[in-house]
Structures are given as structure tokens and as C-alpha cells.
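Residue strings, one per chain:
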Amino acid sequence: MNKMNQTIKLIDGPIGNEAINTEIFQTSEDTQNGAYALFIGRVRADDEEPSPVEAIEYSAYPEMVAIVMGELSEELFGHYSHLTGLRVLHSTGRVRAGEVSLLVMVTGRHRTQIFEALSSCVELIKDRLPVWKKELLADGSSRWIE
Amino acid sequence: MNKMNQTIKLIDGPIGNEAINTEIFQTSEDTQNGAYALFIGRVRADDEEPSPVEAIEYSAYPEMVAIVMGELSEELFGHYSHLTGLRVLHSTGRVRAGEVSLLVMVTGRHRTQIFEALSSCVELIKDRLPVWKKELLADGSSRWIE
Amino acid sequence: MPKVTLLYFGSIRDITGLASEQTVAPATLEALHQELLLHYPSLQSAHYRYSVNETLITGDHQLADGDVIALLPPFAGG
Amino acid sequence: MPKVTLLYFGSIRDITGLASEQTVAPATLEALHQELLLHYPSLQSAHYRYSVNETLITGDHQLADGDVIALLPPFAGG
Chain A
1 MNKMNQTIKL IDGPIGNEAI NTEIFQTSED TQNGAYALFI GRVRADDEEP SPVEAIEYSA
61 YPEMVAIVMG ELSEELFGHY SHLTGLRVLH STGRVRAGEV SLLVMVTGRH RTQIFEALSS
121 CVELIKDRLP VWKKELLADG SSRWIE
Chain B
1 MNKMNQTIKL IDGPIGNEAI NTEIFQTSED TQNGAYALFI GRVRADDEEP SPVEAIEYSA
61 YPEMVAIVMG ELSEELFGHY SHLTGLRVLH STGRVRAGEV SLLVMVTGRH RTQIFEALSS
121 CVELIKDRLP VWKKELLADG SSRWIE
Chain C
1 MPKVTLLYFG SIRDITGLAS EQTVAPATLE ALHQELLLHY PSLQSAHYRY SVNETLITGD
61 HQLADGDVIA LLPPFAGG
Chain D
1 MPKVTLLYFG SIRDITGLAS EQTVAPATLE ALHQELLLHY PSLQSAHYRY SVNETLITGD
61 HQLADGDVIA LLPPFAGG
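Chains as they are written, first to last, in our numbering: chain A, 1 to 146; chain B, 1 to 146; chain C, 1 to 78; chain D, 1 to 78.
With a Cα cut of at most 35 Å, we get these calculated DSBU-like pairs of lysine-lysine:
no. : chain 1 : residue 1 : chain 2 : residue 2
1   : B       : K9        : B       : K134
2   : A       : K9        : D       : K3
3   : C       : K3        : B       : K134
4   : B       : K126      : B       : K9
5   : A       : K126      : B       : K126
6   : B       : K9        : A       : K126
7   : D       : K3        : A       : K126
8   : A       : K134      : A       : K9
9   : A       : K9        : A       : K126
10  : A       : K9        : B       : K126
11  : B       : K9        : C       : K3
12  : B       : K126      : C       : K3
13  : A       : K9        : B       : K9
14  : A       : K134      : D       : K3
What follows is a set of in silico ranges between Cβ atoms, one per label pair, in the way DEER data are often shown:
no. : chain 1 : residue 1 : chain 2 : residue 2 : range
15  : A       : E123      : C       : A19       : 40 to 50 Å
16  : B       : D47       : A       : E74       : 28 to 38 Å
17  : C       : D60       : A       : H79       : 42 to 52 Å
18  : A       : D47       : B       : N21       : 25 to 35 Å
Every beta carbon over 10 Å from chain A, so not counted as near; a handful from chain B, in silico:
no. : residue
19  : S51
20  : L137
21  : E146
Calculated from the structure, these hints are not laboratory results. Computed from a prediction, not measured in an experiment: that's the story for all the values here. Every residue, glycine too, gets a C-beta built ideally from N, C-alpha and C.
Take these sequences, add in the hints, and give me the full structure.
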């Protein structure tokens, strides 16, 4: 098992179907991993005051994102010995309601630990990745989510 | 929440990227669900005796698959109140090593319960769906997995 | 005597050499089971359950005209 | 006195009006923090942590020439 089989990419704007396909199918030559678990996060059109969410504007500290992701990966591969791969795509910039802003994919030979690893990874990303978001409401106002 | 928002499709042959994309992006007009969790099962080239797995031949009892999936959905929506959708694609026929034979996707407004629901759904599918598989080995031999 | 359809799945199909057949069955699933064991002796060592009209049956069951009876070896999806 | 780069992220950028600036800093992070509060009084009511060269710093920290110091409001990814 290659413990370094992890990557994070920051994508400018929404994560489109081609980017998702690339993640899922680029390893189709790898016939060793039978289990893929993915989390896909989309922007919701939450009905906030004074008006609904139209988009979220993401910003990141890219150099620190890479370092923190390396730390998270070490923790996850250390804790989940059956994990064989970990790939993350995160949007920066504007992502409209209905569009995808986060993809987390974990792989294993079998499905053992795969769902717990996925869940843990999503929580760690939300807790520790230096990324910020601002809701852009339909009336033109905006606010930081903290 | 629509408790009937569930579907299962049997796909002849491997589940390709277009089918996966359709599942993920067909609901892109639905701006209410922020959390998608997916399981993707691939055929592994396990190194069996006397030779490695080249493909799996799946067969199903389609009418009963539909009924059992309805029962599983009722259980899952009953147990996971935050679940808003459940979609399953399962291959029939021949799927070669490296190709995808199963897609399970669950959705929710937030990620609450989404990983547990995904995990439960995959286990229930493996336990209860009337589907059978035969490993086709590289030397031309085959055997049922039971 | 009910006219029924028999469906064979997975490894059971290797024993019967058939995917399905129409037959005139005895009145109960248990009696049908005994007939099948006589007709396909290899079923004796096979593992399977019965469904009638897409519902798993445990124990005996009265058969009716038009019933669809399936022999289901252990499931192995995914 | 070390020459450092300051990076402002998220809501902090609304306070500073800048994404980054170069400055000559005092010898310690705590002293720099006090200077920033004088320069940007709205920081007083803001929530944020510091990183120095991409590492979160808790407590005081000696600054060196070339350090990159970031003000990080609460993370909100995903």
C-alpha cells in the first residue's frame, strides 16, 4: 500500500463532470482497488434572510492547503490501514447553487473501513483546511460563513 | 422529503462514465441537496488459483430486484430520516477487471447520516439483492461466488 | 394441480441446464421440492432458497395456478 | 527588525482592505499582533489565528527575515 497515494487539487470555479470523471476513471487501469467511496458537496440554495443563496465564493491559502492535506492524509492512512488512496478536489472562486464545490474520494481493495475513512476525511477537511466561504445572496448582499 | 425518491437500474455490462455522470449530475437543478455520498464497486483482478480473475459475469432476477430494492429503501428511509434520495446501478452480464459493476448514491440536505446510510445500503444490497456472480479466470475456467 | 413457472438462477442453472420451465406442480412447495430433488439429484448438495412470486418463502407454501417459483442460490451482488 | 510578508484571508481581508503586504515587523508575533490591532482597530472584534510559514502558531513566536505570516479566520471549507 502506497501511503503517499494522496492528492488535493484546488479548482477554479465549480467542479464539473469532466473533473469528477477524471478522478473516478483515471485509475481504471488499476485493477486492485474494488471499493471507491466518494463525497460530493454541492452549494445549496438555502433560503436565508433577506434572500436565498445564489452562490458561494470560496477562497483558500493554497500553500497551506497542500501542507495541511499532507498532515490529514498521514493521520488517515495511519488510522485506516485498509485505505489505499485519497483524492480531494476543492473549488476556489464562485460556485453557484446546484454546482459542486467539493469531491473527496477514498479507495480500498475491499470496502472495509472505506465509509469511516470517507466520513473522517470530510470532517477533517471542514475543520482544518484553510478555506473560507462567503455566501452571495440573490439580493446582491453577501456574508462570510464562520 | 419524498420517501419514494429511490431507483435501481440494472445495466447490461460495465457501468460507464456516462451512466455515473447521469446519476451525479441529473439532479443539478435540485439545489436543495448539499451532500452526495457514493459507493463505486469495481471488479478486482484477484490472483486466484489457478489464474487471475479476468471478469465477473453477473446475473439477476430483475422482477425480484425491483421488489427487494423497494423494501430496502423503505427500511433505509425509515431508519435514516435525513436521507432524501437513493439511487443504485448494478451491472448484469460480463464486467472485466477494472470496470465498474455497482454504483450506490445517497443524498441529503446536509451530510448528517449520509455515510452511515451509504454503508448500510451497500451491505443490504450485498445481503439481499437477488444477484449472482461467476468469476471468469484468465485460463478460461470459471466458478460461482456464493 | 397448479400450472407454474420454475426459474433457475446462478449455480442452480448449471444443475438444471435450464433458465426456466413450465410444469404442473403438486399442491405445495414442499412436495414440489421433493419432485425437483428426484428430477435433479445434484440439487441435494446445492444451497438455495425458494421464492414464490418474487417473495422469499420459508417453510411450506400452498401453490396456485400461475405461480412463479424461483430457486435462489446465495446472493452475491456488488 | 525582520522583513516579513503578511497575508489576509476571508473576512480579515474586508478589514485590512488588502490581500497581502510587506512590512518590517517587530521581533515577536505578539508584538506584531499589537501593532496590527493599532493599525486595523476592527481586528479587535474579529476571530482569527496566526500561521507563520504555513504552520499554525499558538502562543508567541520569534519572527525571522522572510517569514510569511497569515491571519486566518475560522475555516469554512466544503
